[in-house]
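Student: Each chain, written out:
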Amino acid sequence: MPQNDTIKDLNLDEYKYDFITEGKPKFRAEKGLSEEVVRQISAHKDEPEWMLEYRLKALDIYNKKPMPTWGGDLTNLEDTLDEIYFYVRPQDQMERSWDDVPQEIKDTFEKLGIPEAEREILAGVGAQYESEMVYHSLRKEWEDQGVIFDSIEDGLKNHPELFREYFGTVIPAEDNKFAAMNAAVWSGGSFVYIPKGVSLDTPLQAYFRVNQERMGQFERTLIIVEEGAQAHYIEGCTAPVYSTESFHSGVIEILVKENARFRYTTIQNWSNNMYNLVTQRALVEAGGHMEWLDGNLGSKLTMKYPSCYLMGEGAHGEILSIAYSGNGQHQDTGGKVVHVAPNTTSSIVSKSISKGTGRSTYRGLCKVYEGAHHARSNVECDALLINDTSRTDTYPYIEIDEQDASVGHEASVSKIGEEQLFYLTSRGISEEEAMAMIVRGFIEPIARELPMEYAVELNRLIELEMEGSVG
Amino acid sequence: MSNAPILKISGLEAKVADEDVDILRGVDLEIRKGEIHAIMGPNGSGKSTLAKVLAGHPGYAVTSGQVTYKGEDLLELATDERSRAGIFLAFQYPVEIPGVSIANFLRTAVQAHLPEGEELDLFDFSDILTDRMELLEMDISFAERHVNDGFSGGEKKRNEILQMAMLRPSLALMDETDSGLDIDALKTVSDGVNKLTAENPDMAILLITHYQRLLDYITPDVVHVMMDGRLVRSGGPELALELEQDGYKDWRDDEAVVDTD
Numbered sequence: 000m001p002q003n004d005t006i007k008d009l010n011l012d013e014y015k016y017d018f019i020t021e022g023k024p025k026f027r028a029e030k031g032l033s034e035e036v037v038r039q040i041s042a043h044k045d046e047p048e049w050m051l052e053y054r055l056k057a058l059d060i061y062n063k064k065p066m067p068t069w070g071g072d073l074t075n076l077e078d079t080l081d082e083i084y085f086y087v088r089p090q091d092q093m094e095r096s097w098d099d100v101p102q103e104i105k106d107t108f109e110k111l112g113i114p115e116a117e118r119e120i121l122a123g124v125g126a127q128y129e130s131e132m133v134y135h136s137l138r139k140e141w142e143d144q145g146v147i148f149d150s151i152e153d154g155l156k157n158h159p160e161l162f163r164e165y166f167g168t169v170i171p172a173e174d175n176k177f178a179a180m181n182a183a184v185w186s187g188g189s190f191v192y193i194p195k196g197v198s199l200d201t202p203l204q205a206y207f208r209v210n211q212e213r214m215g216q217f218e219r220t221l222i223i224v225e226e227g228a229q230a231h232y233i234e235g236c237t238a239p240v241y242s243t244e245s246f247h248s249g250v251i252e253i254l255v256k257e258n259a260r261f262r263y264t265t266i267q268n269w270s271n272n273m274y275n276l277v278t279q280r281a282l283v284e285a286g287g288h289m290e291w292l293d294g295n296l297g298s299k300l301t302m303k304y305p306s307c308y309l310m311g312e313g314a315h316g317e318i319l320s321i322a323y324s325g326n327g328q329h330q331d332t333g334g335k336v337v338h339v340a341p342n343t344t345s346s347i348v349s350k351s352i353s354k355g356t357g358r359s360t361y362r363g364l365c366k367v368y369e370g371a372h373h374a375r376s377n378v379e380c381d382a383l384l385i386n387d388t389s390r391t392d393t394y395p396y397i398e399i400d401e402q403d404a405s406v407g408h409e410a411s412v413s414k415i416g417e418e419q420l421f422y423l424t425s426r427g428i429s430e431e432e433a434m435a436m437i438v439r440g441f442i443e444p445i446a447r448e449l450p451m452e453y454a455v456e457l458n459r460l461i462e463l464e465m466e467g468s469v470g
Numbered sequence: 000m001s002n003a004p005i006l007k008i009s010g011l012e013a014k015v016a017d018e019d020v021d022i023l024r025g026v027d028l029e030i031r032k033g034e035i036h037a038i039m040g041p042n043g044s045g046k047s048t049l050a051k052v053l054a055g056h057p058g059y060a061v062t063s064g065q066v067t068y069k070g071e072d073l074l075e076l077a078t079d080e081r082s083r084a085g086i087f088l089a090f091q092y093p094v095e096i097p098g099v100s101i102a103n104f105l106r107t108a109v110q111a112h113l114p115e116g117e118e119l120d121l122f123d124f125s126d127i128l129t130d131r132m133e134l135l136e137m138d139i140s141f142a143e144r145h146v147n148d149g150f151s152g153g154e155k156k157r158n159e160i161l162q163m164a165m166l167r168p169s170l171a172l173m174d175e176t177d178s179g180l181d182i183d184a185l186k187t188v189s190d191g192v193n194k195l196t197a198e199n200p201d202m203a204i205l206l207i208t209h210y211q212r213l214l215d216y217i218t219p220d221v222v223h224v225m226m227d228g229r230l231v232r233s234g235g236p237e238l239a240l241e242l243e244q245d246g247y248k249d250w251r252d253d254e255a256v257v258d259t260d
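Each protein sequence line maps, in turn, to chains A and B. In terms of numbering that gives the first Met the number 0, the first sequence has 126 at position 127, counting the first letter as 1, and numbering is strictly consecutive. In terms of numbering that gives the first Met the number 0, the second sequence has 234 at position 235, counting the first letter as 1, and numbering is strictly consecutive.
The shape of chain B in the complex, shown without the other chains (with noise of 0.2 Å):
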């Protein structure tokens, strides 16, 4: 069914693995393809742990709800594979892998992704890196480099999205993709994506985000207000900008958890 939603999330509550600290208390939500999702909410509301959890952080566990994805439990696959299943998660803080080259981490993870017995021709491969480099405008050259080692917070997010170009996801989970930049490189890598998406419209989008600012460059189709480990709210992208205005403090006070315990 065209219509059935690519990720669906239902009563999802996770908690820090070693800890018995709460973090996502009830999560609601749908996301059909090729629909752009945002999610705001102050820090510490559980919007990036929401992300790490459906990309299979060892970090977090789950407690309670499903999350079903392409009409399969979600959860009940490793963090690899979900990535092999079509999911992708943008780093908020891409880690640095010292001495492995861009080009050679990413010929690695698309043979990952290949069906088994595969074998990824290597022009194809040098093919592929430079129709996509190209496209997000960035220089051949950059593949040399080792993974995000001593990158820029600019040029480690656009890291982010030659790899996503690379992986070509069903589900693009992106967090805090704008943490960290200037005006100039928010502009380049919403561009980035922009142009990923109007290639591949079926592909669906979480922005997890902080600020409204992301979503003048990246136009989501469905907002949501994160707090304290809920969705609390749902609108249109107008919901963005009443956020913008009026902050989060008053949501906090008006919309509070019922119950917490």
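Bound-form chain A, shown alone (with noise of 0.2 Å):
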């Protein structure tokens, strides 16, 4: 399909997911985070009293811990806080079947395209409306192998010792000060295990997006990918468009055990006004690889280095990020890979395009303890600014105590140059198509990762964000 029909075609303003469903949840906590907010999500949910206590002891973590004084500007977050829901419950349990899903909801994810994708790709989809997991379908084969895909609640529910044995120990709530209010607060995400030696081929797929004015996201996943198991975990976002701050933070954890293989991808595309702080982490043992694709467009403010942390010897991690940076917008990004084992490697891409007052920024870890002997580290950093007011700065941390280790750090800044705009419309090519198509090029490296279908819609969005960026 021609380009620039697609964006004709389209239609669409400034952001695309710009649409409010009308939904009645039935239980709302009271604003802000507290004590009693955080018994009240335990009780709703029916939880072991050690999780009660575990998100007590978070909360009393989170209130002791300072605000982070690095990376973006959270100086007007606390005074968010106080303004949002930290826990909505749309429907009081689980459907698995579409045909129970409320109308309301149906009519959302029907804009979002969902129906179609469940139809023809998605072999299993987790879709999370609101706080919780709604729908929820999982094939067949799956189960039988004995893979579970459940939402992050049922996971507690159905595998209590599996659950209690690895939540929490890749990212502890003492790790960071949002770690600590998701610990105390978290509600939806995913729950995963696949069994020793299975492998996967089609992806797992998430599909999630805020529906609550001033409602705060908490999710958590954690994945336990057993030894020589092999999958793919895709998670898609986009929320709409409020006139009050948002705010989002979830906590990722992943295990992956020896030999195993696992890719966790995320396409995320906040409104432009949420404050989006993730943590995520993966540990990785011995000869286990691990893969983070993560894309991020739109938000306030986002914060998320996606890590790897090299536990075994001969493990392999790898980060591919990309970021766009709209008007007033700042994403600060990157990666951490930790080398804990001899032999480890990683390598680290990231590529920001920013745009109009946008501001991307680049940073990343490498660090290589003493005794991983053999450690092999890259990383490239590439930043395409399309306007004199765009800005991009680059972190790269390094620390290596180990002698024998071999790190590298690439890092470019480029412009969208007036000789490459005239080369491509001297081919009758009009000039918005013509940046657009720059810039696909710029993050091709990465979008040739992703599933056909998420590479399409990160195009589009791509060319969305860069409609009027001529002139």
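The set of hints was computed from the structure by calculation and includes no laboratory data. Treat the hints with care, since some could be wrong.
[Said to hold, decoys possible] Cut-off 30 Å, straight-line C-alpha distance, at most; resulting in silico cross-link-like pairs (DSSO-like, lysine-lysine):
no.	chain 1	residue 1	chain 2	residue 2
1	B	K32	B	K194
2	A	K414	B	K14
3	B	K194	A	K414
4	B	K69	B	K14
5	A	K195	A	K176
Combine the two chains into a complex, taking the hints into account.
Tutor: As structure tokens, this is what we get:
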């Protein structure tokens, strides 16, 4: 399909998913974060005592930790948090069948194209509406293989021992202020377990969106990939535009056991008033292979640094990330690789696009512990600036305590050049399409790693974002 | 009228857009359909600037004169509109577009050349592309490479000819197409151009070149000599040979511009 027509056909305004479905939540906790709210959440979820205690302890840690002073500007965040609902529950229980899903929620999914995706491509959808899974299907053959793909709540309910063994072990509540907040009020997210030796060809996909004004979303995901298993998990989010500031703080914990392979793909497109502060980390055992593929669009401020802790010999970690910052947006993203064991390898490829007054920051850490001999790491970050008012910064932190390690870092900054535009327009291509084409080319190394429908979606989002960048 | 010029340039003056540096100082030129004109001249004489101004490069500003293309005011058209009207510029230094395949780039360009509302059929496009690449004796896998990214000088120039073959211009401006090519590459590229002119005898070509050697392979109808922003002499192909022997030096002395300011 020719790109010019794609833009016209979509006929959308600056933000693609700027609509709000009338929902009637059954339960909404009071505004702000308090012990009372935490107790209400836990009671509503009918949780075991240990989880309530865990939440309360995390709340205490949250209250004691100061706001971070690095990264993006969080000065107005405390006021925002006082106005946020920390828990909203749209329905009383999980839906197993599409027919049981309420019409208004279906309408929202319709606008996002979910039913089609469900029918044609998605083998198992964990669609998160507001704070909980409302619709969740799992392919039968996966169940037969012992794969668990549940909401995080059901994971706790149905697999209590497995859950308790791993929950909070990759990212403890003490890790950082927002991990503590999430540990106190988490709601929604996925629980995934891939048994030993099981290999899934079709990705597990979760799709969710926030749709309650001033509602914080605190999704929590726990994924365990057993020895020699292989899987790919995909998550995409969009959120509607609101007049007040919104907040998202997720925690994603992943365990990649010996010789297992796992890829976690996210494309996030938050509304422009969203604070998006996410902690995501994978522990990779010997011979294991972990890849983060992370796309960040939208939001007011995103702070997100997917990390790989390479714990066992020969473990490999990879982080591919793409960030887009439009007017007034700040993407403070990057990745962390921590080499603990010998012969571990890692690579970070980060690409950012800044338009208008948008700002993109690459912030990365490469740490090699003593004893992690023959560790190898390579970092490449490329920034593309669309306008003179756009900004980019790079903060590569490198800490090496082992003599015998090799670490490389490359960074580049480019601007869309007059000569590139002239070349393309001299072939009859409009200036706007030429811009979009250059940007698509810039992100191609990342987009080609995505499943086709996601690559198309990412390209379309970028095209929409590039509209009006000419002149 | 069949003998009306496809391109008529009168008194064209142009400067670098952000500076007060005049480069073209009154160019007059007429090209009829099917004609091949060559403009030769020393470095800095303004010949590449003329090609860029005709294609609509934003880095130059026209300060005086007219350009009529197919009876219309060319200077009123934006760069992309000039291309859609049938003007093609083969670049001296083709630009790299990383991450964009030649096939994708060509498809977008060909689509842009279709009338409004007409949709390019992907199978048709694929057929046309295969046909054009066969004509130019290019391997189809070339189309999967990213536009000019990591190309040799010869590959870049061949990619220009491929674009020309796809877009089928009425007027091709070829800016120092021979520069940076060894003799084999020069033959291949000239061969491509000759095939396109054989196929479409109405296509007019304006060759910009510093050296005579390109004209051994593509025979011009008219040769012009450019000095200090003006065409100072015109003649047949023999003029190129004369230049080759005597160089531009004498020209500057004898025919140098009478009054530059």
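Student: Each hint needs a verdict: does it hold in this structure or not?
Tutor: Checked hints:
1. B:K32 with B:K194: Distance of about 17 Å is within 30 Å: holds.
2. A:K414 with B:K14: holds (25 Å)
3. B:K194 with A:K414: violated (38 Å)
4. B:K69 with B:K14: holds (25 Å)
5. A:K195 with A:K176: Distance of about 34 Å is beyond 30 Å: violated.
The earlier numbered hints that this structure contradicts are 3 and 5.
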